[in-house]
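Could you put together the complete structure from these sequences and hints?
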Amino acid sequence: MKSVLNGWDVCLSVQIISFGDQTFETISRLESSEVRVRFGPSPTGFIHLGGLRTAFYNYLFAKQLNGAFILRIEDTDQERVVPGSQQNLEDMLNWTRLTPDEGPTVGGQYGPYIQSQRTELYREKAAELLSTPFAYRCFCSDMRLNLLRKEKLKNREIPRYDNRCRHLTQTEIDQKLANGEKTELYREKAAELLSTPFAYRCFCSDMRLNLLRKEKLKNREIPRYDNRCRHLTQTEIDQKLANGEKYAIRLKLKSGPIGFDDMVFGRLTYDLSAIEADPVVFKSDGFPTYHLANVVDDHFMKISHVLRGCEWQVSTPKHIMLYEAFGWTPPVFAHLPLILNKDGSKLSKRQNDIRIDYYRDNGYYPETILNYLTTIGAGFPHRTENRIDKLQDFVNTFDLSKVSVNNGKIETDKLRVYNREAIYWYFDNGFENKLIEEFKCLLKDRFKSSDDLNLDNNYLKFLISWSKERVYTLKDLLSEEFLYLWKVPDFKWKVNDIGNKEDIGSND
75 MKSVLNGWDV CLSVQIISFG DQTFETISRL ESSEVRVRFG PSPTGFIHLG
125 GLRTAFYNYL FAKQLNGAFI LRIEDTDQER VVPGSQQNLE DMLNWTRLTP
175 DEGPTVGGQY GPYIQSQRTE LYREKAAELL STPFAYRCFC SDMRLNLLRK
225 EKLKNREIPR YDNRCRHLTQ TEIDQKLANG EKTELYREKA AELLSTPFAY
275 RCFCSDMRLN LLRKEKLKNR EIPRYDNRCR HLTQTEIDQK LANGEKYAIR
325 LKLKSGPIGF DDMVFGRLTY DLSAIEADPV VFKSDGFPTY HLANVVDDHF
375 MKISHVLRGC EWQVSTPKHI MLYEAFGWTP PVFAHLPLIL NKDGSKLSKR
425 QNDIRIDYYR DNGYYPETIL NYLTTIGAGF PHRTENRIDK LQDFVNTFDL
475 SKVSVNNGKI ETDKLRVYNR EAIYWYFDNG FENKLIEEFK CLLKDRFKSS
525 DDLNLDNNYL KFLISWSKER VYTLKDLLSE EFLYLWKVPD FKWKVNDIGN
575 KEDIGSND
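Just add 74 to the spot in the sequence shown (first one is 1) and you have the numbering used here.
Hints listed in this document are in silico derivations from the structure and should not be mistaken for laboratory results.
Take these hints with a grain of salt, some might be off.
The calculated BS3-like cross-link candidates involving lysine-lysine, where the alpha carbons are at most 30 Å apart (straight line), are [stated by the list, open to error]:
no.	residue 1	residue 2
1	K488	K542
2	K416	K328
3	K476	K508
4	K423	K476
5	K488	K549
6	K420	K228
7	K549	K522
8	K423	K464
9	K376	K328
10	K508	K522
11	K464	K488
12	K483	K542
13	K518	K508
14	K464	K476
15	K542	K518
16	K420	K483
17	K464	K522
18	K561	K535
19	K464	K542
20	K522	K561
21	K476	K416
22	K542	K522
23	K514	K549
24	K423	K328
25	K542	K416
26	K228	K328
27	K464	K508
28	K514	K535
29	K535	K522
30	K483	K423
31	K488	K514
32	K508	K535
33	K423	K549
Below you can see the structure in the form of structure tokens.
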């Protein structure tokens, strides 16, 4: 199996199956009553409010049903991995007390929990796909795919693959394999797909794909692959394999809609064949695409429910097809509304002012963030006041059926108000000393020398209480506006009786 997959990408040939309500209900039924959910961030940047909200909802859903909350690092796109981002993800989950039951650091019986450490499993499953009618090898080069995309865009067509390698003969496939690079892959499961009717090898070169893209764009068509390799004869495939040609594995998409029940959005149906070509599921760089790794890991980690952002809705039919190709029962899906910027644009991991560590470093508290997140996207009883509730309160009241289908927008003013409330929640619930010690650290850092600072506990306690309606974070008390609280003013003038300044010299 291993040698079969050397040097090519595995693409799933999406055979579109029209699932009726009865059939899908049977497929979606859980085999076990154990609830297991996962938060699967990619380490391509530091976690922000949108990502934390997804983790938060997964955590609440699991704890409410006595289930397990799993952290899985999805780093299949190695080129985009940002150093330090995985540590940031774990640190921020721990800071907000959304501690995983299983994950890279805490471990668990279904590890490893980093996808780049699971390549052998993906290799096995890619090989399985190749033994089914649902996938095939794709030998098209990056150049061909790019050209194909440009051509599609040029023609104002959907930029999708033309499925050329789907129609290679076995001889062509063998020839391409014989001539190709022997690259290590996330292989075996992709190879399995090739033994099914759902996948096939794609031998298209980068040049061909680029040309195809250009042609599509030129004709104002969607720049997508033309599925050429999908129609290779077995003789042609054998020849390509014999020549050692590189290839990917694609999933075969058939005409027709795929429907599924979403716990938030209800019944959803997509006809991917109208907008996409056969998608790649295994690449020649040794890594699977997100779709294959996602399905394989969810199955072997026994994930029962998938709660993720609604941008993944359109990909769900591909995942259902993969479950079908492997003969596995899919989990239950629930897609969450997005959190957007005020102007309606999507959040970015490169926006420093929405990163969780930004809020932490600027005087915000975990309770602030979690309470604020309950106001975006619903899922909780209507809140008429900006009170601070505890994490267990949210576990008890969270209701997935009440999650909105409408996207929400960040309201920084509301976030600041919640932080003000959090300060006094700490103050009124026996955490005075915590606030005072935090305050002392801020003062020493701000003024460096603490010799002339009043760090008396009673004084600091009084100031915290006094500032309730004046500040939103303790750091606000260190601003120029409140400098008089810490330093004796160096008066060099006074205002006379008619409102003019008079020089009175220094206090020295």
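A quick look at each hint next to the structure:
1. In summary, the hint linking K488 to K542 is supported, as the alpha carbons are separated by about 16 Å, within the 30 Å threshold.
2. A threshold of 30 Å between alpha carbons decides the hint, and for K416 with K328 the separation of about 40 Å lies outside it, so the pair is violated.
3. Between K476 and K508, the direct Cα distance comes to roughly 36 Å. Violation of the 30 Å bound is thereby established for this hinted pair.
4. Taking the CA atoms of K423 and K476, the gap is near 28 Å; set against the 30 Å cutoff, the hint holds.
5. Distance restraint check for K488 and K549: the Cα-Cα separation of roughly 18 Å lies within the 30 Å cut-off, and the hinted pair is therefore satisfied.
6. A hinted pair counts as satisfied when its Cα atoms are at most 30 Å apart, and K420 with K228 qualifies at roughly 27 Å.
7. Proposed proximity of K549 and K522 is supported: the alpha carbons are some 15 Å apart, at most 30 Å.
8. Note on K423 and K464: the hinted pairing holds, with a Cα-Cα distance of about 27 Å set against a maximum of 30 Å.
9. In summary, the hint linking K376 to K328 is supported, as the alpha carbons are separated by about 28 Å, within the 30 Å threshold.
10. Of the supplied pair hints, the one linking K508 and K522 holds, its CA atoms being roughly 21 Å apart against a limit of 30 Å.
11. A distance of roughly 18 Å separates the Cα atoms of K464 and K488; the hinted pair therefore holds under the 30 Å criterion.
12. A distance of roughly 27 Å separates the Cα atoms of K483 and K542; the hinted pair therefore holds under the 30 Å criterion.
13. A distance of roughly 16 Å separates the Cα atoms of K518 and K508; the hinted pair therefore holds under the 30 Å criterion.
14. For the suggested pair K464 and K476, the alpha carbons sit about 20 Å apart, so the restraint of at most 30 Å is met.
15. A hinted pair counts as satisfied when its Cα atoms are at most 30 Å apart, and K542 with K518 qualifies at roughly 22 Å.
16. Between K420 and K483 the alpha-carbon distance is near 10 Å, which keeps this suggested pair within the 30 Å criterion.
17. With a C-alpha separation of about 35 Å, the suggested pairing of K464 with K522 is violated against the 30 Å cut-off.
18. Between K561 and K535 the CA atoms are separated by roughly 18 Å; this keeps the pair inside 30 Å, and the hint holds.
19. For the given pair, K464 sits about 20 Å from K542 by alpha-carbon distance, which is consistent with the 30 Å threshold.
20. Annotation: proposed proximity of K522 to K561 holds, straight-line Cα distance about 13 Å (limit 30 Å).
21. A hinted pair counts as satisfied when its Cα atoms are at most 30 Å apart, and K476 with K416 qualifies at roughly 23 Å.
22. For the hint pairing K542 with K522, the CA-to-CA distance comes to about 26 Å; that is within 30 Å, so the pair holds.
23. Only pairs whose Cα atoms come within 30 Å are accepted, and K514 paired with K549 is accepted, the gap being roughly 11 Å.
24. Restraint check: the Cα-Cα separation between K423 and K328 comes to about 36 Å, which exceeds 30 Å; the hinted pair is violated.
25. Our distance criterion of 30 Å between C-alpha atoms is met by K542 and K416, whose separation comes to about 27 Å.
26. The hinted pair formed by K228 and K328 meets the criterion: a straight-line CA distance of about 25 Å does not exceed 30 Å.
27. For the hint linking K464 to K508, the alpha-carbon distance of about 17 Å falls within 30 Å, and the restraint holds.
28. Taken as a hint, the K514 and K535 pair is honoured in the structure, with Cα atoms around 11 Å apart against an allowance of 30 Å.
29. Note on K535 and K522: the hinted pairing holds, with a Cα-Cα distance of about 21 Å set against a maximum of 30 Å.
30. For a cut-off of 30 Å, the pair hint linking K483 to K423 stands: about 16 Å separates their Cα positions.
31. Between K488 and K514, the direct Cα distance comes to roughly 27 Å. Compliance with the 30 Å bound is thereby established for this hinted pair.
32. Distance restraint check for K508 and K535: the Cα-Cα separation of roughly 11 Å lies within the 30 Å cut-off, and the hinted pair is therefore satisfied.
33. In summary, the hint linking K423 to K549 is supported, as the alpha carbons are separated by about 25 Å, within the 30 Å threshold.
Of the numbered hints given earlier, the model fails hints 2, 3, 17, 24; all others are met.
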